[in-house]
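Asker: What follows is each chain in one-letter form.
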Amino acid sequence: MIIDTNVYVSRWPFRRLPGDEIPELLAKLRSHGVSQAWAGSFDGVLHEDVAAVNERLAESCRTLGQGLLIPFGTVNPMLPDWQEDLRRCQENLKMPGIRLHPSYHGYTLDDQRFFDLLRQAVEKKMVVQLALNMEDERTQHSLARVSEVDTAPILRLLPKVPGLRLVIQNRRRKPSGKLLGRLSYHGEVYFDFAMLEGVGGIARFIEEVPGDRLLFGSHYPLFYFESALLKVKESELSKAQRDAIFNGNARLLLEP
Amino acid sequence: MIWDLHVHFSNFEGRTPHEKMANAVKFADRMAIERFMLYLGFPPHPEDPTPEELTKINNQVLEALQHWHHRAFGFVYLNPNHLEFSLKEFDRCVRDGPMVGVKLWIARKCNTPELDPIVERAASVNAVIFQHTWVKVTGNRPGECTPSEFAELAARHPDIPIICGHTGGDWEHGIRAVRAHKNVSIGIAGSDPTNGFVETAVRELGPQRIIYGSDAGGRSFASQLAKVQGANISDEAKKLILGENLKRMLAPILKRKGFEA
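Sequence order for the protein chains is A and B.
Heads up: the first sequence begins at 10 in this note's numbering, then just goes up one per residue.
Heads up: the second sequence begins at 9 in this note's numbering, then just goes up one per residue.
Treat the hints as calculated values from the structure; they're not laboratory data.
List of simulated lysine-lysine pairs, DSS-like, C-alpha gap at most 27 Å:
hint	chain 1	residue 1	chain 2	residue 2
1	B	34	A	242
2	B	247	A	242
3	A	133	A	169
4	A	242	B	246
5	B	190	B	144
Turn these sequences into a full structure, and let the hints steer you where they fit.
Answerer: As structure tokens, then:
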């Protein structure tokens, strides 16, 4: 059984993707034993009307998700009255968390509004997913270029936001080294490995962060789902480590 | 049967070529990769290597292959900025040695005529020719050629099979650039496992012109295998891409050298 914490629905703005229709997406996930998928919306990357994005996401998950898709809403703290979007995600749409795209929404993690958003998410007991990248910077559309989110400010924020449950998604190069380890030891910070590269990458990654902070995340349908699955196979892991990565860590993270 | 077109020493643990090779084989076994092509020596890899550096790098690969001819083959790394030396190095490592292909990287734009003698020398003994290509929105390195520049080279040698490495990274661009050149195959290694890559390549080029490779150990075998194993294409197409196309391309030189395929 797998809990995939990094799935998207709707349309990637720059290309149609195999799996960007929900029935096809569900068939792929089920064929690989996925029992739960945390779904954000591609629309949330560029759309400004995130209230509508979140309503569509929740409706799609409810009516088409067959109990498998868990919606994670979009909040853009650069927009006026983003607080209302957050409130609706939790109160109206019953979402357990939100997914943020700082590079596409034009803010850095030392922005006061990001800090305020984290505090409010904690008050509402919501998980915060932070997408550092969506694709390789080198292959982005020439008119829509963004850089990897700089995670350095997070370490300073963690002590000020007790209770924060933060998932760092699509990490490529940063945080690295000491910062990577310190993040996971100074707060409840989790990572997925959708963009983790290098042979045996997962085994090397859990030498730097505790194994209970690693979540299965495929970035499907923008990436082939099988990439994440085969990465688990490629690393020499114990059954307990594999189980924790496949579902145990994510299940504990979403428990109230 | 999986044959991997594109493997380097990077990220494989070990102090010597033998140790790194043993670790590479260990991971290949985990992922059911039967054979892999090895090129470039220990990182960091010089972009414009001197003759001395080329010799050292190629010797590292030769040393690594000594006991592993049943699992891996070598490609010689050449630099068209040192043409006369490169032709001699080709003779040493391929014509008279155990290597079976040529790796050309980013020392010089590949559409320049200095590459022609290398391509012709390689073709004379059926060696496989692999040219790195990328098209980066962030900007290419000075000698790094795009798939469109690569297509100029391919057009000058229409009867010589040649591989467009990485499909330019931006594969939507790369596939278009080489589509008309029937002597070109694409290597799919070393880019993100973006969903739809291989389906698009099969649609535009046909499965016979697509070759699986990983760019391990900088990349994982896993993410690159997923491009084929996760693609919505026929099982027959997957077999071609994962191994049969490369095996077919290598068959003449393997036979010439007496290697068992």
